[in-house]
Each structure stands twice: as C-alpha cells, then as structure tokens.
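Chemist: Letter by letter, the chains look like this.
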Amino acid sequence: MSDHQYTPESKFGKWFNDRLPLLTLANHLTDYPTPKNLNYWWTFGGILTFCLITQIVTGLVLAMHYIAHADMAFDSVEHIMRDVNYGWLIRYIHANGASMFFLAVYIHIFRSLFYGSYKAPREIIWIIGIIIYLLMMAAAFMGYVLPWGQMSFWGATVITNLFSAIPLVGEGIVTWLWGGYSVDNPTLTRFFTLHYLIPFLILGLVVLHIWALHVPGNNNPVGIDIKKPSKDTVPFHPYIVIKDGFALLMFMIVFAFFVFYTPNILGHADNYIEADPLVTPAHIVPEWYLLPFYAILRSVPDKLLGVVAMLSAIFILAALPWLDTSKIRSAVFRPLYRQFYWILVADVLILGYVGAMPAEGLYLLIARVATAYYFLHFLVILPVLGYKEKTLPIPLSITEPVLGGSPNLATAKNKESFKIK
Amino acid sequence: MKNLLRIFFLLILFTGIQLNSNAAEKVEYLKTDWSFKGLFGKFDRAALQRGYQVYTEVCSSCHSMKYLSYRNLAEKGGPEFTEDQAKAIAASFEVKDGPNADGDMFTRPGKLSDKFVMPYENVKAAQAANGGAYPPDMSVLVKARGGGVDYIYSLLQGYEDPPEGVTLDDGVYYNKYMYGNKIKMSNQLSDGLVEYSDGTNATVEQMSKDVTTFLMWAAEPHLEARHQMGFKAIIYLIILTILVYFSMKRIWSRIKTEV
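Sequences listed follow chains U and S, in order.
In terms of the numbering used here, the first sequence has 333 at position 333, counting the first letter as 1, and numbering is strictly consecutive.
In terms of the numbering used here, the second sequence has 1202 at position 202, counting the first letter as 1, and numbering is strictly consecutive.
For the record, the hints were derived by calculation from the structure and aren't laboratory data.
Yeah, the Cβ is synthetic: ideal placement off N, Cα and C, and Gly gets one too.
Worth double-checking, as some hints may not be accurate.
Taking CB as the label site, the calculated pair distances span [as the list claims (entries may be wrong)]:
no., chain 1, residue 1, chain 2, residue 2, range
1, U, 303, S, 1127, 55 to 63 angstroms
2, S, 1170, U, 277, 23 to 31 angstroms
3, S, 1205, U, 193, 49 to 57 angstroms
4, S, 1146, U, 277, 19 to 27 angstroms
5, S, 1192, U, 86, 54 to 62 angstroms
6, U, 138, S, 1247, 37 to 45 angstroms
All chains, full assembly: derive it from the sequences and hints.
Modeler: Written as structure tokens, this is what we have:
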C-alpha cells in the first residue's frame, strides 16, 4: 500500500470516495509500486487473468447454445460448430483456451518455484494459488465431459471411480456423485452446473490472490525485500501494464495459431465419437495438463494408495513454504537448488510423457522412478538443502544491478540468472 | 528480452511436441496433396462436388450424415452448388414429414432445410442390415479418427488379401490401415464405379481423394473462413505487438533499466 493518503480532485469524486473508496482502490492499482527488475516470467499473472476472462466470456456464449442432456449434448455442440454464427470460433477458443490457461499456470507456478515466491511473507498468496489450481483442474475435467464424446464419458467414468477407493463409503460416494448407478444424464447436468460455478469461485479467489499479493508486494528475480515505493520500484501503470500487455500479445499469437490452424490437436479424436456406454476406447487418456498426475496415480499398484499419492502430489505443494527451509528466496543465489529445480522440471515433464503412454513395461518403471523422485524432491531434498547449501551473497538492493553501472557483485549475480543451466 | 525469447521459444517447442506426439501415433498412411492444408488452405470446389457424388452414389446407402442439411451444399466455403442445383438435389430425396392435419405421416420431396436423409431408421436397423456392425455416421468422421484425412484416404485403398495365417470370418475383410486390420466394410470402390460429370477419370485413388475431401468439409464446414480469419488475426496481432513493443521501449526509457 502506498504511503500517501489519496484524495480525489473533484468535489463529486471526493464525496463519492468518502462513501465508497473505489477511486482510492483505482489509485492504489495504478500507483502500486512494483519492483523494476521483474522479468518476463512475471507477466504470466496478467496472462492468466486474461485466460480466465476469456474462458468466462466464451463459456457464457457457449452455455446459451449448449444443451446439458445426455441425448442432446453432442448434437448441440455440433449445432454450435455448424449453425451458430462464429460458434466454431467461440468453441475453439474455449477448448484451446483451457490448454493455454494450463500452459500459463504451469509457467506461473514454476516461476514461483524458481524465485522462491512462496516463501514468507507470501505463503497465503501461494496457498490461494494452489486452491485456484485445484479448482482449475476440476473445472477443466468437468468441461471436457460436457461435449459427451467417448473420452468425455470414459474419462468421467475413470475419474469418478477413483472415489470408490475410499474404504467403506467409497461406493456410496461414487453413486452419489453420479446421481445413479453409472455416468449418465444426472452426472452430465451436475457437471455442467459445477463447470459453470467454478470459474466464478476462481474469479473470487483471484481477487484474494491479488489482494494478498498487494500487501507484501511482488517478489522479484533477486528475491530480496525492497522498500516501497523507492528507486527500486516503478508504478504499476504505465510500466508494468505495457510490459504485461506486450507479453500478453505474444501469448495471444501462439493462442491464435492453435485456434485457427490446429484447433483439434490438443484434444483426442475419440471425443468426436458420441459417448457410448457399451464401447470402451482402447486407451483412456486425460487432457495433456493432467498427465503428470495421471502417471503418479497409475504408478502405484494399489488403487487407494494411488489416489492418495496423486492427491498428495498436489497438496504437498501447499506445504512448500515450510518444506523449503532456505532463507534465500531466489534460485539465482542458490547454486545447488538451481540444479535440483531443473531436475524437478525434467521429472514433471517425464511424468507427463509416461502418463500419455500405456502403463506397462518400461513406461511403468519410469513412472515409478519419476514419482518417487517427485516426492523425494519435496520431502527430503528441499528441507535438507536449506541447511546444507552454501548460498551466494545476496545484494542489498536491486537498484544497482538493474541500473547496470559498475560490475559489482550484484550485477554479476543478476547476469547469472540469464544463464540458467 | 532474453527471457521473453526463451518463453516464446518454449511455447513453440510445446506446439512442436504436441504436433509430433500426434504424428507418432500414425502408421505410414498413403500421402496425397490436400488443398485445404496450410495457412491459406481452401477446398477444391470440383473435388467437393465429385466427393458429394461418390458419397451419394456409394457411401450413403449405409452411412448417414445426420448433421448436414441440403442447404449446406450451396453455402460458401463448401461444394458451392448453385441454389437451384442444391434444391434439385434435395428434391430428389423422399423425406418423411408429419403428422399432417389428419394425424398421418406422409412423404414429400426434400427441401433445402432438410437434413440429409438417413439410410436407416435407427442404429438397430443399420446394425441388422450390416451384420451387426453399425456404419458410423460420417458427419465428423474425419475428426473422430486419429489419422484424420490421411487415414480415411488410405483405408479406402487399403483392401488386400489377408496374409497367411490370418483367417477372416464371414463378412469381415482385411484392410492394412484399419486398427487391428479387420473391417466389416467390404471394398466399396473400383475403377469407373461412378461417372463424373466433369469428365474426371474415376480411378479408385481419385474417388478416395474426392470423397475424403468432401468428408473433411462435412466435419469442418467453416474451415475456409477459419483459415482466412486466422491469417488476418495473426497479422493484426503481430503489427499490434510491434507497436506495443516500441511504446514499451519508449515508456521504459524514462527510467534507466533494461526491459
């Protein structure tokens, strides 16, 4: 929060602002002091907001034409694709938008991991972020069910069946989720309702996420606390607005390429076959963004433990601020952590790859090793590293490195951040 | 800026991996030049019209196309029959309608607004007439198969005598591109099967290509509009990005730092 008290200039503005301080809020948002050394990895917050709004707007239009009924859902999607004006455009933006949303959120999360943005005093921002991520997965999964194609139906069957692993009450819960004794019309209608609801919950949480961010302010690539406002900061508008805008446009070019030229590449061909409870597809695979967790689920031979492992893989992230014992935030000054960080990135990519492959032979072995390493990273490596690692000296201010100038220590270290191995 | 390039590179890589992982699933399909691929891809009008002919004369006796209407045949970006031609095509089909004022169902000639007439009353009837196998609806068939157009194109030409050791039940045929190699559809195409009005030689290869083009349009009727809009949208975005980039440089030049 800025130090000075804001007063509107006009008489009406002052009168209004005394009763509802909207102008103070607007002033806070434009003046918000932001570290001037933020790099482009920091632009994904804005990009994600864009993704959320895009999904909500296109989703609203789709919901006007979509029919949530097991006999008509598939037909209504084809109706949107063929007869609704620009329906194909809206649906392709929505379907590919989900993938772009996840692409951006993964970059956003891994940025946080690299620069230690989850550490004190930003734990609450991080935990809200994890809840948003969970809700995103729920929304995406249910959204994929709505076209009522083969993958929709069988994906829903597989995922809801996971709950049957819970001892004693599992079967009852599955029946309750389905609203019957198999995935059917009641399942579709409730998924549609929830799919409509969740984005607005996410929107609310995004407000909290940003609110919580604006209390301590942004972390930055150097990872040190900075005085705000100071010569280390720039006002959010116009500096960060234009930079985020530029990055967003680059992102939109990639997005547009998918929508206009390969709109179906991220989906599965089987989802253009109408759901048939009597025919099981050869391979049931979730969307690409859920594959790492799918790999973890399948790597455990026991169903219940598999579900526990999969959920732990997500929830362990919420404990990250306390698992990482290092006082230093940015990986720029943590030579060992930096290496483990990239191993973790590779590990998650490998999990994603084997998640798409049949769970047998070598793939299963790789999935097991990668799953074990995933937990090892968070439960052993991170806590131990905080005590053992010899960190590099951190600069006292970010002004010197960003101003260039003399080749002092801080500059040298900051340069190093560009040479991440 | 370096980071930005790195991110952009990452996105391109992601696209590449996606494209590749899809390509990895493919068997070696027969290749041909599809006019609708690429940034400016458009349908070959004549091929679509010929493809429609193959569909009506051959495929439609078993395969429905329930999401298409006769009006689509005259729409922009499709086979673009003239409206009169499309009306004549529609009128050549008998459509069941009703009930009339007396409560009776009746048949009448088709209109532009009618959906393509289905070969069978329902799925069960289709199965009964085809030895238990349901000939899939062809409206989105191209998008519902992993290999897409290449797969359909190859499948139509993939009939062979079974290799030694493979025994086939009655009504099952060997096709080297079919998943599992066993297919319940017999070889439908033979040279000269249809007589093209434009004088094109109706070889099996030609008919396969024409009908597959037609099926691609049926699955993606707005493909041409999509490609055209995509090109404009991306050019627009690139120009805007360049302008915003220079604005950003200007704004950030007020403070001495690197963007």
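Chemist: Of all the hints numbered above, which does this structure not satisfy? Sort the numbers upward.
Modeler: 1 and 5
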